[in-house]
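K.L.:
Chain residues, written in single-letter form:
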Amino acid sequence: MQAFLKGATVQAPKAQKEKALAGSSTEKTVKAVPWVEKYRPKCVDEVAFQEEVVAVLKKSLEGADVSMLTWNYSSSPSDETFYIALVIVLICPVLYRQRVLELNASDERGIQVIREKVKTFAQLTVAGTRPDGKLCPPFKIIILDEADSMTPPAQAALRRTMEKESRTTRFCLICNYISRIIEPLTSRCSKFRFKPLDNHIQETRLLDICEKENLKYSKEGISALVRVSEGDLRKAITFLQSAARLSIAKEITEHTITEIAGVVPNKMIDNLLHICFRGTFEKLEVAVRNLVDEGYAATQILSQLHESIIEKDFGDKQKSAIAEKMAVVSKCMLDGADEFLQMLSLCSVIMQQSSQD
Amino acid sequence: MSLWVDKYRPTSLSKLDYHKEQAAQLRNLVQCGDFPHLLVYGPSGGGKKSRIMCLLRELYGAGVEKLRMEHQTLVAPSKKKIEINTIASNYHLEVNARQGGRSVLFHLLFHCFTSYFIFFFIASHLISSSFSLLHILFHLLFHCFTYFVSTVMLETRTRVVIQELIKTVAQSQQIQSSTQREFKVVLLTEVDRLTKDAQHALRRTMEKYTATCRLILCSTSTSKVIGPIRSRCLAIRVPLPSTEEVCSVLTAVCKKEGLLLPPELAKQISERSGRNLRKALLMCEACRVQQYPFSADQEIPVADWVIYLRETANAIVSQQSPQRLLEVRARLYELLTHCIPPDVIMKGLLTELLNNCDGQLKTEVAHLAAYYEHRLQLGNKAIYHLEAFVARFMAMYKKFMEDGLDGMMF
Numbered sequence: 001m002q003a004f005l006k007g008a009t010v011q012a013p014k015a016q017k018e019k020a021l022a023g024s025s026t027e028k029t030v031k032a033v034p035w036v037e038k039y040r041p042k043c044v045d046e047v048a049f050q051e052e053v054v055a056v057l058k059k060s061l062e063g064a065d066v067s068m069l070t071w072n073y074s075s076s077p078s079d080e081t082f083y084i085a086l087v088i089v090l091i092c093p094v095l096y097r098q099r100v101l102e103l104n105a106s107d108e109r110g111i112q113v114i115r116e117k118v119k120t121f122a123q124l125t126v127a128g129t130r131p132d133g134k135l136c137p138p139f140k141i142i143i144l145d146e147a148d149s150m151t152p153p154a155q156a157a158l159r160r161t162m163e164k165e166s167r168t169t170r171f172c173l174i175c176n177y178i179s180r181i182i183e184p185l186t187s188r189c190s191k192f193r194f195k196p197l198d199n200h201i202q203e204t205r206l207l208d209i210c211e212k213e214n215l216k217y218s219k220e221g222i223s224a225l226v227r228v229s230e231g232d233l234r235k236a237i238t239f240l241q242s243a244a245r246l247s248i249a250k251e252i253t254e255h256t257i258t259e260i261a262g263v264v265p266n267k268m269i270d271n272l273l274h275i276c277f278r279g280t281f282e283k284l285e286v287a288v289r290n291l292v293d294e295g296y297a298a299t300q301i302l303s304q305l306h307e308s309i310i311e312k313d314f315g316d317k318q319k320s321a322i323a324e325k326m327a328v329v330s331k332c333m334l335d336g337a338d339e340f341l342q343m344l345s346l347c348s349v350i351m352q353q354s355s356q357d
Numbered sequence: 001m002s003l004w005v006d007k008y009r010p011t012s013l014s015k016l017d018y019h020k021e022q023a024a025q026l027r028n029l030v031q032c033g034d035f036p037h038l039l040v041y042g043p044s045g046g047g048k049k050s051r052i053m054c055l056l057r058e059l060y061g062a063g064v065e066k067l068r069m070e071h072q073t074l075v076a077p078s079k080k081k082i083e084i085n086t087i088a089s090n091y092h093l094e095v096n097a098r099q100g101g102r103s104v105l106f107h108l109l110f111h112c113f114t115s116y117f118i119f120f121f122i123a124s125h126l127i128s129s130s131f132s133l134l135h136i137l138f139h140l141l142f143h144c145f146t147y148f149v150s151t152v153m154l155e156t157r158t159r160v161v162i163q164e165l166i167k168t169v170a171q172s173q174q175i176q177s178s179t180q181r182e183f184k185v186v187l188l189t190e191v192d193r194l195t196k197d198a199q200h201a202l203r204r205t206m207e208k209y210t211a212t213c214r215l216i217l218c219s220t221s222t223s224k225v226i227g228p229i230r231s232r233c234l235a236i237r238v239p240l241p242s243t244e245e246v247c248s249v250l251t252a253v254c255k256k257e258g259l260l261l262p263p264e265l266a267k268q269i270s271e272r273s274g275r276n277l278r279k280a281l282l283m284c285e286a287c288r289v290q291q292y293p294f295s296a297d298q299e300i301p302v303a304d305w306v307i308y309l310r311e312t313a314n315a316i317v318s319q320q321s322p323q324r325l326l327e328v329r330a331r332l333y334e335l336l337t338h339c340i341p342p343d344v345i346m347k348g349l350l351t352e353l354l355n356n357c358d359g360q361l362k363t364e365v366a367h368l369a370a371y372y373e374h375r376l377q378l379g380n381k382a383i384y385h386l387e388a389f390v391a392r393f394m395a396m397y398k399k400f401m402e403d404g405l406d407g408m409m410f
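So the protein lines, in turn, are chains R and F.
Just so you know, the first sequence maps onto residues 1 to 357 in UniProt numbering.
Just so you know, the second sequence maps onto residues 1 to 410 in UniProt numbering.
Since the hints were derived computationally from the structure, they do not count as laboratory data.
One thing to keep in mind: the hints can contain errors.
Derived pair list, reagent style SDA-like, types lysine to any residue, alpha-carbon separation capped at 25 angstroms [as the list claims (entries may be wrong)]:
| no. | chain 1 | residue 1 | chain 2 | residue 2 |
| --- | --- | --- | --- | --- |
| 1 | R | Lys235 | R | Ile248 |
| 2 | F | Lys196 | R | Pro153 |
| 3 | R | Lys216 | F | Arg237 |
The structure presented is a predicted model; accordingly, all values stated were derived computationally and were not measured.
Go ahead and model the full structure; you've got the sequences and the hints to work with.
P.N.:
So, in structure tokens, the structure goes:
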């Protein structure tokens, strides 16, 4: 982890980074920074939409007393999960490297690491003042990103450490599903729920970035971006940057966005469904073969089909039969079954069900 | 003498024959300097690899084509030594993510089989026209050998290999970074065959070494690539060329060879190839060997196993009895021992069988095929599942026919 941090700071030395932040963003930094990083909120007030969480945190920051262990979880993979962690840290940016240990899913996080690395880090005490004499909270922070992918034994190993070292260390666990964290840990933490972002707020954020990067965009392009990203701002920003790279000095249109996101055009899905309802099996076979040949991912087709089927006016019974088949197909595809065969099987179920009205 | 497929492979982005808009976008990408990780996906035979090589050439110039084979020994945490072969130039490293061991050999042989059955065909014809037998055999062996080395024996099942390989590339800086790009490229093909574990390992590696190394991932579908990797890459979809595009490429290639290809034949070949350009070119070359000048209604040579599979399907439809099941079993074994992958057999059988049944039954057959193909992926002995599929089909078909007869009686 430290190596990663080091890598990042070597790339963009601090002075330069701060200049870039404070100064105009039109001036490009030497190394290209992903926009997701570039436009991450730098203080609590900038965090969009999560009012309750922000209010609580601000309160505790004022007292310079993060007396509780922070526990962030979000029901959707929202970019915001990570913000707060940074926000707390920003009380003392200078001390970041000394005081923060960050571990995410790609690091080794077995029980061994918890026992050795985390424990020794947690046992160190730190001073309550900064080098320049100002006050700062006298503790360190350990951030465990994607804590739900930790094994239960490793989580269990955290229990005692968490309590015993609370004088010197605060833990911050970030996860998507709180149900995958063992009960003893959840009871030791205060929890913050992050809502998925509102479409409107995403849109303003994206427009803001477009403005700062001098991009040409069309209204449809941005709304497509919001639709495609499904409340995930990180995804939206990454797509936006990719689109900007691919089409230099050209307008970012709906077409580019759908292409980058790998989304199947609605027209093709509608066409497929139309054949399911009206056509014959032969036509269906051709259509499915065509879809697979175009290179669209079957999982993507599946999720889009699912959406349109739910909206269609079928009987409840038909819908549930189709949904069940979709679940089966999805599992089979995870196991590595052939996409063409699975899609064909699914579509023929849809065909069968639609003819039963 | 080399195959047309290799001979006329486009070498720069501007020379690509189709998806021109995408090629322009790729060129933009190279020019803007800020090169992301790429995930190139699409069905096989659509020109993914050609595009990647063009892109690399655009990035680094002609030096990319000077390839050399490297032999490396890695030590796994369990102190076990893993030996691997890679293909590399000064600027990039190519790693194939096949899962090693048995399946490698299986797929490899199949690949040789399908692409080179035509070669055999050509060879046999050439022999009769008194070419040097030795020369042809040598060439054939050489082809097989290079193919072998490029795909083989990467025990990439363990994530160790992925991590170690990329680390070694990433940790060595480019020497003259002022004149060159400051990153190297690691080309990982068939990412969808990587285990979940290895994919998760990639995720960290991708972030950690962005300064010195970019990854180009290549896979047939994104379904089996985990979300976090997908979101870190710029995804580029390469659809198969349309039949018209295949036609025009065929005509262009024939023109370069100084041959005259009648448009009817071109159309027929491109339809037969199922929009797979590599297959189409091989077919076209086989036609050339078989008969030249071309005639419009010339017969296009088909692989032996395809005909064999068709006969098998016909046998299943014509009679349903335990006796016949045994015969079919023998035929399936024959196909398997000739290294035709079981999923290809299953799909081939399905298409043939579908032609032979009507409406209601088709749906059922499609379900059956999907069901057994899934189990085939999970299990490890293909013949069980293939045989089960055939048996179930026979039972269903027979019942359907008898019901039909009863209906006629009353």
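K.L.:
Could you tell me which of the hints above the structure violates, numbers in ascending order?
P.N.:
Per hint list: zero violations.
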